[in-house]
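Student: In order, the protein sequence lines correspond to chains A and B. Read the first sequence against this note's numbering and you will find it ends at 201, with the numbers running on by one and no gaps. Read the second sequence against this note's numbering and you will find it ends at 659, with the numbers running on by one and no gaps.
Hints may be right or wrong, so weigh each one.
Each computed DSS-like pair below joins lysine-lysine, with the alpha-carbon atoms no more than 25 Å apart [what the hints assert, rightly or not]:
#, chain 1, residue 1, chain 2, residue 2
1, B, K207, B, K472
2, B, K275, A, K39
3, A, K156, B, K380
4, A, K50, B, K611
5, B, K550, B, K576
6, B, K251, B, K216
7, B, K474, B, K215
8, B, K472, B, K457
9, A, K39, B, K246
10, B, K288, B, K275
11, B, K474, B, K428
12, B, K550, B, K572
13, B, K395, B, K550
14, B, K485, B, K207
15, B, K288, B, K251
16, A, K64, B, K275
17, B, K614, A, K50
18, B, K293, B, K474
Short derived list, chain A residues pointing at chain B, Cβ under 7 Å [as the list claims (entries may be wrong)]:
#, residue
19, T28
20, T32
21, S80
22, I105
23, A112
Looking from chain A toward chain B, a few residues come up when the C-beta cut is under 10 Å (computed) [as the list claims (entries may be wrong)]:
#, residue
24, Q20
25, L27
26, C78
27, S81
28, P86
29, I87
30, G90
31, G114
32, I146
33, R175
These are calculated hints, taken from the structure and not from any lab test. Quick caveat, the model's predicted, so the values are computed rather than measured. Cβ coordinates follow ideal geometry from the N, Cα and C atoms, glycine included.
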Amino acid sequence: MSKVIHGKAYVVRDNIDTDQIIPAQYLTLVPTIPEEYEKLGGYALCGLPKDQYPTRYIPEGQTKGPYTIVIAGRNFGCGSSREHAPIALGAAGCEAVVAESFARIFFRNSVATGELYPVESTTRICETIRTGDEIELDLDANTLKILKSSKVFATKSLGDARPVIDAGGLFDFARQSGMIQAQGNHSKATGELAAKEPADD
Amino acid sequence: MTLTEKIMARAAGKKSVQPGDNVWVNVDILMTHDVCGPGTIGVFKREFGKDAKVWDREKIVIIPDHYIFTVDSKSNRNVDILRDFVKEQGLKYFYDVIDDPNGHWTFDASKGQLKRQYGNSFAGVCHTALPAKGHTRPGEVLLATDSHTCTAGAFGEFATGIGNTDAGFVFGTGKLLLKVPETMRFWFEGSLQKGVMAKDVILHCIGDVGSDGATYRAMQFQGPGAKALQMDDRMTIANMAIEAGGKNGIFEPDDKTFAYVDARIKANGTKAKYDALFCDSNDKQTFVYDKKFDLSKLEPTVACHPNPGNRKLAKELGSVQLDRAYIGSCTGGKTSDFLAFAQVIKGRKVKIDTFGVPATPDVVHDLQTAKMNGKTVWQVLEEAGVQMTENASCAACLGGPNDTFGRLNKPMKCISATNRNFPGRMGHLESQVFLASPYTVAASAITGHITDPREVLG
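Please construct the entire structure, taking both the sequences and the accompanying hints into account.
Tutor: Right under this line is the structure:
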């Protein structure tokens, strides 16, 4: 499946932890309840220090923002195991985070939920790309392009995690591949599961 | 193989595994709490059907602990969602806030924050409660929807945090696909000197590798210095593996481990059988990092704002004036943490607002019965001006709803015996948190600035 994500960038730096992505007081919202899922989007990245990030990711009073791709430095998503973090970003309209590196659980949760593509850059791009820049992420060519300057950066391949996110997350992928039965049937993982399921950690 | 590799191989039914292998492991215990439990239940029902049954009703442990003592209605509702699910599924291990299985939990703010509002089944902070209630066993695989699940590596098991979707999958299947991590070895020699605690050891190690230095990796704590540590100390250290980005932290089990685990299994009547695994000889283990640490050389250590890898020595930070001190959480709210804290505090007065939140009701009980100079430890702390609550929970360690006990509701500097200090972690976005041992937190509470506890320890 060819996949190009195009839109405005929102740029952050190193060690953006899950408390900055979705502050702990909003964890009372349960992501599987649709109206609470939507509310989570409104709080995405609202824990960023205001002096360093004067432009809000989500405009006050809204649940979705104008930024399709978040650009980050090292260790994006460190801290807690809360799945609310990729979910809040996904609910806010973020389709991909391109970072120098990711914390393990955030990466895994992004893949399992299918909320967004956690893509690693090969260089430090958070110093070059500016918030608001129109950019294009090509998941097949493994490139990230700034449209105005036509500057192109290389990104790493998502490998086995890609088809899981393409499918919409762990369960959709497992179902599509026949590893678990169709929705609504309580099913044990089949014997094939171990052989087929891709790495998502 | 390293200890983590051995446990994962056995749980996957394989003779051996290598770092990078993706293997389906059988899960021994899956734990969730009030913050991620309702979402996990939602995923399970959405994906397996509304009438689906969990894979094993005795292998799921549910411990409400995060947002309990708050008037926030969604928080109270989330505890009720857990109770309904436990009833529906007939789950064996649920440590409810209230004792009535048909009741509803509401926190009564008019009774204040300090006096106990929970029933007899409540267990407090999950990572402290899991071993106390007999759910940690050497050689097993423990997964839970919380990043500090790595605490249980103290008992020689593979323990790591997962998200709701993964946990929902485990609810239905009892399995999860995990990548075998590379292992970093932290070889401990020597013993801790006066004024230095397990918290200083792990803050030192995290400072050494950085707050992402162990990302995707296992941290294996080994050597004579590791063997000399008590179980509580090992828990404090393993708890913070995640603060270096680690997938898990692990200690080799020994007689201390077995005595601790067996006593709690017996007291609680949980599953008694387990098969411990031990470290292979050095030539049979491969590490991506292998470093010796002489524990006798360590000094009281602080992780400064804004991340747990920002290491300094307490003695270098005397100029940092503080507004608040806090002791509690899964890493710093155990009985031994409070006893160390009280050893410094006793007979003195705190100079800044100081909050104490025991991790579990058992810790409350210990502190209200153990004596120090003829008084209970609880009295000693209260007389020094520490605001002690009986309502054991995660409390302000992660901020939480605005009425959470001890939460930093305005910009301030706080020294804390907790485990994480990214911006906004304990509440206000512009507050700053400095992580330190119970000794250092106590010494700093007395002086009002960051203080090396060796200056005040008699």
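Student: When the hints from earlier in the document are held up against this structure, which numbers fail?
Tutor: 6, 30, 32
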